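Keeping the supplied structure of chain B fixed, place chain G upon it in accordance with the hints.
Chains B and G supply the protein sequences, listed in that same order. Just so you know, numbering that gives the first Met the number 0 puts 62 at position 63 of the first sequence, and the rest follows in order with no gaps. Just so you know, numbering that gives the first Met the number 0 puts 77 at position 78 of the second sequence, and the rest follows in order with no gaps.
Simulated from the structure, these hints should not be mistaken for laboratory data. None of these values were measured; they are calculated from a predicted model. Heads up, a few of these hints could be off.
Derived coverage of chain B by chain G (criterion: at least 3 residues anywhere in the stretch with Cβ under 8 Å from a Cβ of chain G; other residues may be distant) [unchecked claim]: (1) 63 to 76; (2) 81 to 94; (3) 97 to 103; (4) 125 to 135.
Each residue gets a CB set at the ideal place from its N, CA and C atoms; glycine is no exception.
There are 2 protein chains.
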Amino acid sequence: MNDPTSSCELGSRPPAARPESRVLRFQPGFRWEGVPAEEYKAQGADWCGVRRMTLAGGAGAATAFEVRYFEIEPAGFSSLEHHAHEHVVIVLRGRGQVRLGDAVHELSFGDTVYVAPHTVHQFSNPHGEEPLGFLCVVDAVRDRPVPATSP
Amino acid sequence: MNDPTSSCELGSRPPAARPESRVLRFQPGFRWEGVPAEEYKAQGADWCGVRRMTLAGGAGAATAFEVRYFEIEPAGFSSLEHHAHEHVVIVLRGRGQVRLGDAVHELSFGDTVYVAPHTVHQFSNPHGEEPLGFLCVVDAVRDRPVPATSP
Chain B
0 MNDPTSSCEL
10 GSRPPAARPE
20 SRVLRFQPGF
30 RWEGVPAEEY
40 KAQGADWCGV
50 RRMTLAGGAG
60 AATAFEVRYF
70 EIEPAGFSSL
80 EHHAHEHVVI
90 VLRGRGQVRL
100 GDAVHELSFG
110 DTVYVAPHTV
120 HQFSNPHGEE
130 PLGFLCVVDA
140 VRDRPVPATS
150 P
Chain G
0 MNDPTSSCEL
10 GSRPPAARPE
20 SRVLRFQPGF
30 RWEGVPAEEY
40 KAQGADWCGV
50 RRMTLAGGAG
60 AATAFEVRYF
70 EIEPAGFSSL
80 EHHAHEHVVI
90 VLRGRGQVRL
100 GDAVHELSFG
110 DTVYVAPHTV
120 HQFSNPHGEE
130 PLGFLCVVDA
140 VRDRPVPATS
150 P
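The following block holds chain B by itself, in its conformation from the complex (with noise of 0.2 Å):
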């Protein structure tokens, strides 16, 4: 006798998990109630001080895009990169600055930054003790980002 519990036929499965309807609840030092603060990515050399949580999208989801909230500790920087997906960011916390291209630009508290394809970018948190927060959204399906030198 076949065990259910074991069975791969067609149609023995669960549905799929649909995403319901939620409201994340904001929490005091810039968290939200179960949503994990990552490492931005694996170790490397090329970047200090950034965790990353992921509010929409990623895993299962449905939206062409996903919304994650960065953080860059004071003195930390995200990597100097290019790809060919466009980055949309909003300043949520703190100061801090972008470069984009030879062109660095200061940011603070509701300042929208959109990284077009290909330039070269990156965040940084050179100013004050509180954490740089901000937004950034991207296209779901996306390519690599790849690590640009300094001039």
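What follows is chain G alone, placed relative to chain B:
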């Protein structure tokens, strides 16, 4: 002789403008430099006191998503509606409420709302004197909202 300025030959047109990396500066009163505050949608009886600003995506953009900032005045509300596309909402200003199906949730800074496909939903600002302001990210390609009726 042909007038080259009126030529329609393939290859004679100027290349389409490519979007450039840029910073949209945040301004006092939750506005962004160069971004118009538009009416939420064509005037109707099912919403009140709502304005929309498109921060990224929309006409000519390559991203698979759009980022909009909405503001709802005190006593205002968005349409009660449903649709197949999903919303991801992040509150930036003031306080308010969201209705998701039969449940009503209070909202304040940082709270993040995921509206799943076909959930009847409505945002409102029944409290206070400050506008309720939030980012709303959607797929660039999406279905039209369908008005819903209160039970």
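Hint check:
no., hint, verdict
1, 63 to 76, "holds (count 3)"
2, 81 to 94, "holds (count 5)"
3, 97 to 103, "holds (count 3)"
4, 125 to 135, "violated (count 1)"
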